[in-house]
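Visitor: One letter stands for each residue in the lines below.
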Amino acid sequence: MWETLAQAVINGLLIGGIYALVSIGVTLIFGVVKIVNFAQGEFVMIGMYISFFLANQFGIDPIVSLVVSMPVLFAVGVLIQHFLIRRVLGPNDMPQIFLTFALSLLLLNLALMLFTANYRTVHTSYSDEAIHIGELYIPVAKLIAFGVAMALSAALWIFLHTTDLGKAMRAASQNRDVATLMGINPNRVFCVALGIALALAGAAGSLLMPFYSAYPFVGQVFVLMAFVAVVLGTLGNVIGALIASLMMGVAESLGIQFVGADSGLIVVFAMLLLTLAFKPTGLGGGRAR
Amino acid sequence: MTIWGLRTRHLLWIAVGLAFLIALPQVVKSSFAIDIFIRILLFSFIGVAWNLMGGYAKQLSLGHAAYFGLGAYTSTILQIDFGISPWIGMIAGGVVAMLASLPIGWLCFRLRGPYFTIATIATAQALMLIFLKFRDFAWGAEGITVPNLGNAPLMMQFEAKSSYYYVVLGLLALGLLITYLIERSWMGYYLVAIGEDEDAAEAIGVNAPKIKRDIYLISSFLTAMAGTFYTQYIYFIDPATAFSFNISIEAALVSIVGGIGTLWGPVVGTVLLETTSTLLQSWLGGSIGGVQLTVYSLILMAVILWRPTGLMGVATEAWQRYLRRRPARA
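Here the protein sequences come in this chain order: A and B.
Taking the numbering used here, the leading residue of the first sequence gets 1, the next gets one more, and so forth.
Taking the numbering used here, the leading residue of the second sequence gets 1, the next gets one more, and so forth.
No lab work stands behind these hints: they were computed from the structure.
Predicted model, so just to flag it, every value in this text is computed and none were measured.
It is possible that part of the hints are untrue.
In silico SDA-like pairs for lysine to any residue, Cα to Cα no more than 20 angstroms straight-line [said to hold, decoys possible]:
1. B/Lys210 to A/Lys34
2. A/Lys34 to B/Gly113
3. B/Lys133 to A/Val267
4. A/Lys167 to A/Pro186
5. B/Lys133 to A/Ala261
6. B/Lys210 to B/Glu183
7. B/Lys133 to A/Ala75
8. B/Lys133 to A/Phe258
9. B/Lys133 to A/Lys34
Turn these sequences into a full structure, and let the hints steer you where they fit.
Guide: Here it is in structure tokens:
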């Protein structure tokens, strides 16, 4: 019994690390640019396809291909902010919601046209390896993914708290008008925020590839988790999103273990609805908006 | 002479339009064409239902499939398990959808803007999962075929496709009439005020939570009616069709492309999108998945970036330019 419980918690924490990369991206964009990126999951999908093709064509290890997927998606993020999102920023919600939503639909269906709905997998030397500790086992691929995800989250936190650009981003998220008066160029800060968020999504995609299949709809799973985690962890709060993502991973894993294999999502929705009912401002407090 | 603020000239146009739409299936006999007309009328109707809440009050829901599905399942369960006519089931489905919209609205309206949208997606998906998982009352993932009774108008089953056309034409007319009456009432002004700035509306005494709840009730009732009709039309129901995310997307899409918060916007948007989709399918043969939604999303992006008021906005601007250029009448 205890082993089963501990095993479920370990599985949940490991996948929760990946959810964290996606949710930190969503919450960073929300905090700084004040929009919700509905297309965040599709960038995870793109990251996965980049790693899949690099592995398939050149035999590059998916985790090593981080060095390609992250910069590529950073550039995509800067371009999307500069040419698309910048044009719809304003008091009106409708264009912001439906622009990123249209982007999500577009990327998903382009992937469907270009790559078909087939599942693509990459098999690495460590895909089937696991570390055994007593009765428990820890899959190596997931452990690496979790480690890199935590390292990237820590790097982001250090960036936000020690560098001038990071501080400018935090300033812009606290009060855009005052930050502009202090000489911070909002568009530049927004471009960097989008770039970092998409690079994190790309990293999540590459890290998933050794143990997860790529297909056009794959992003939907992750973006749903991320949205719930971001509400749970208080909108715009990076640490909150990280902790909430790990909780979501564990909750989903416990649901699968003790309720039934297909009940992971039901647990997630139940968590979202309970959060909305009892603590709509998220566990970190603050204003819901 | 005016009826409900309509001048004789307007009434004349409405009569001509209705006569044309009523005569259409008598002239065009091809069942392929009638099928397309039915799709256009149905999605216009769903768009009109969405537009009441999403367009006027700017509560941008992407979860209207929840009510479509509840309407479809209520009437089908009543028909198959209890032999009750879908005409009654359609009203019952609407009532079930209204009852469901109360707790869903209570939860989702706590969030504003994009997070309201996400909460509506989640509730619709959760309902789909419930209908997939609990096989005791709704046949699970396999769904069920509605028994074919031949020509049974009392059970909302017809031999002629044109009869379905008239049913959905009636639904659309009902939706447009309700929208027109709301647009001209105090509620219409409250809705627009909430849509413009909810805090400011509340500050001048608009009871925003109550108005939002009421319009959600109406919108979900109408959406559920569409669900019943669709199931009777295709003779089949399963959770993936009834609660399809594409229903939620299309409801919002046709309204935004046509013109959000306008009476005719959803109709104009549906005509454009469905015609485009039909042309694409006949051109490409429907062999490649994803083409239709790729084109839809490009149209949506173009509208948002260049004409956020939609096609109705473009038409209004053109009409005003024409009026300005025309010499004033003596």
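Visitor: Hint by hint, say whether it matches the structure.
Guide: Consistency of the hints with the structure:
Between lysine 210 of chain B and lysine 34 of chain A the alpha-carbon distance is near 28 angstroms, which puts this suggested pair outside the 20 angstroms criterion. The straight-line distance between the Cα atoms of lysine 34 of chain A and glycine 113 of chain B is roughly 11 angstroms, inside the 20 angstroms bound, and the hint therefore holds. About 13 angstroms separates the Cα atoms of lysine 133 of chain B and valine 267 of chain A, which keeps this hinted pair within 20 angstroms; it holds. A distance of roughly 13 angstroms separates the Cα atoms of lysine 167 of chain A and proline 186 of chain A; the hinted pair therefore holds under the 20 angstroms criterion.
Proximity of lysine 133 of chain B to alanine 261 of chain A is assessed by CA-CA distance (about 11 angstroms); at most 20 angstroms being required, the pair is judged to hold. Annotation: proposed proximity of lysine 210 of chain B to glutamate 183 of chain B holds, straight-line Cα distance about 17 angstroms (limit 20 angstroms). A threshold of 20 angstroms between alpha carbons decides the hint, and for lysine 133 of chain B with alanine 75 of chain A the separation of about 42 angstroms lies outside it, so the pair is violated. A threshold of 20 angstroms between alpha carbons decides the hint, and for lysine 133 of chain B with phenylalanine 258 of chain A the separation of about 16 angstroms falls inside it, so the pair holds.
Of the supplied pair hints, the one linking lysine 133 of chain B and lysine 34 of chain A is violated, its CA atoms being roughly 37 angstroms apart against a limit of 20 angstroms.
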